[in-house]
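Protein chains: 2
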Amino acid sequence: MEKNVLVTGGCGFIGSHLIDLLVDQGFFVIVVDNLSGNTSTKFLEQHLEEKKATFYQYDIRNLELLLSIPLEFDSIFHLAAQSDVKKSVEEPEFDFSVNTVGTFNILELMRKKDIQNLVFAGSGGTVYGELAASPTPEDYPLKPISIYGSAKAAAEMYCSSYSSLYGLDIVSLRLGNIYGPRSKRGVMYDFYNKLKTNPSKLDILGDGNQTKSYLYIEDTIDAFNMLYQLNTRGFDVYNVSSAKAIKVVDIAETVTKILGIKNVKYSFTNEKRGWEGDVSFVSPDVTKLKQLGWAPKISLNKGIEMYLEWLSQT
Amino acid sequence: MEKNVLVTGGCGFIGSHLIDLLVDQGFFVIVVDNLSGNTSTKFLEQHLEEKKATFYQYDIRNLELLLSIPLEFDSIFHLAAQSDVKKSVEEPEFDFSVNTVGTFNILELMRKKDIQNLVFAGSGGTVYGELAASPTPEDYPLKPISIYGSAKAAAEMYCSSYSSLYGLDIVSLRLGNIYGPRSKRGVMYDFYNKLKTNPSKLDILGDGNQTKSYLYIEDTIDAFNMLYQLNTRGFDVYNVSSAKAIKVVDIAETVTKILGIKNVKYSFTNEKRGWEGDVSFVSPDVTKLKQLGWAPKISLNKGIEMYLEWLSQT
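Here the protein sequences line up with chains A and B, keeping their order.
Mapping of the first sequence onto this note's numbering: position 107 corresponds to residue 90, and the numbering continues sequentially without gaps.
Mapping of the second sequence onto this note's numbering: position 38 corresponds to residue 21, and the numbering continues sequentially without gaps.
Note that these hints are calculated values from the structure, not bench results.
As a list, the in silico DSS-like pairs of lysine-lysine whose alpha-carbon atoms are at most 27 angstroms apart: (1) A:96 <-> B:69; (2) A:69 <-> B:95; (3) A:25 <-> A:167.
So here's chain A without its partners, still in its complex pose (with noise of 0.2 angstroms):
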């Protein structure tokens, strides 16, 4: 018999790969997704076609649904969020409501449905704050910025009590900036339709000293998969990112190097954030996932020149 899992948020850009591997290892994927922002089931067609998948347009805001999905299941990724940290800051009851109540109610249906396994994106470029050492081990005291960060931070608070509790095992993926091809954001995202606009100037958010890493989806993928298939008991969370963090000024100066573009004019806002709850230094320790034996397969270098190709084509 097929296996059922349940994938939330999986036509977003995350999810959608995960759900590619999920389906290539056999499983049975129910998606659930309320197909906000500009998502749509675009990227599930083929294996809903296939009956590999079936796809409940619910919101995690609503326990009532989730709680109606007929299928058997006995894992659950958890990815669906509301993932703009501008927007937390903006909209925090937005916020609260699909990150920390959606996420509340995704374990009060394993609890209710008697669910085991929960794999959950939690964020490692949030949850541990400005001041953070570097790099930052996962024991670090959790100190967001953001009313993202603080809704990462407040779910895995509810997590390690579920788990105690219900005998729930759940392991948190704290994600540091994920990019490739699907994804309609981030600072790439960004440099790349400033440059197509005009290849002559580009404005970059805060004064281009931010220094984050980053990590390929393929690697991202590639930890979801090995951290599932560990099979943790409890609760336990891993930081997943790339070990090395760049400056932003240097991710402008390698996406124009592929762009074959060259005197460009970089302006700066001459602010240390981005924006409003930006984390400036982000660098995650990943020593505990690397222990595992996993390791970033793609090159910074490689990755930036992979996802400029899949923006071209799109």
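Chain A is already provided as a structure; the job is to place chain B on it using the hints.
Same frame as chain A, but now just chain B:
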């Protein structure tokens, strides 16, 4: 002009003692309490009569009601909570709505009404979880094992970002087990009532080896006062507890001795925890608070004596 402050949960055990102090210090106290459980305004009556306080029977789950309060104030003491760990495990959704949504509403109230200061009643007995270091310092990773503990930890995650984003000054008091007059729960209350009914036998929840630190209400209010006066910038947390943890069975010994009861037969449930979600070993490190000059004045023996005296008169 009198300075106004708002106290949520002001009709409860700790809240009502805090209000006595604030009124003494010349503050005009706006009290918010939904009078759930067995609470009433009885401890407030004198302050209301003397026009030193005003009372709103509002629920913190309703942000609109909180926003409708027509009075100005620049500080909030947020003590309203579903404070029963056992109940939190039986009714996670209820606990989430009061403790997590409720505290989020308090932060939204501050953001929307431009209120500068928050003193938050956090929890030192539940946020660190079971395997915590002993004594447990404030920067220890949070791993709650009850829904209540998760809510108190999640609330602090939001305090962190609200403070950073909106410039709010917030201090969280991670309270241990607080006891004293006006408290109608906890192990001492439980023992007193059981022994009153039957002085020859005492049923103790758990195996009697649960070890926790207890703090008398007067010393607790001292800590509230000191930390409010300190006027910390940003967000900070302090364990508020006694430095010494004591076994439940030793509490039983102390209570029976003070009551002058001899030859009590103890019976145990022979489980490690007193109830689901109970942390069996609680000993927060109070070095940080002591460095400010705070020290508990009431010994456990003296405190229990005063508490039992009060219980015998009610």
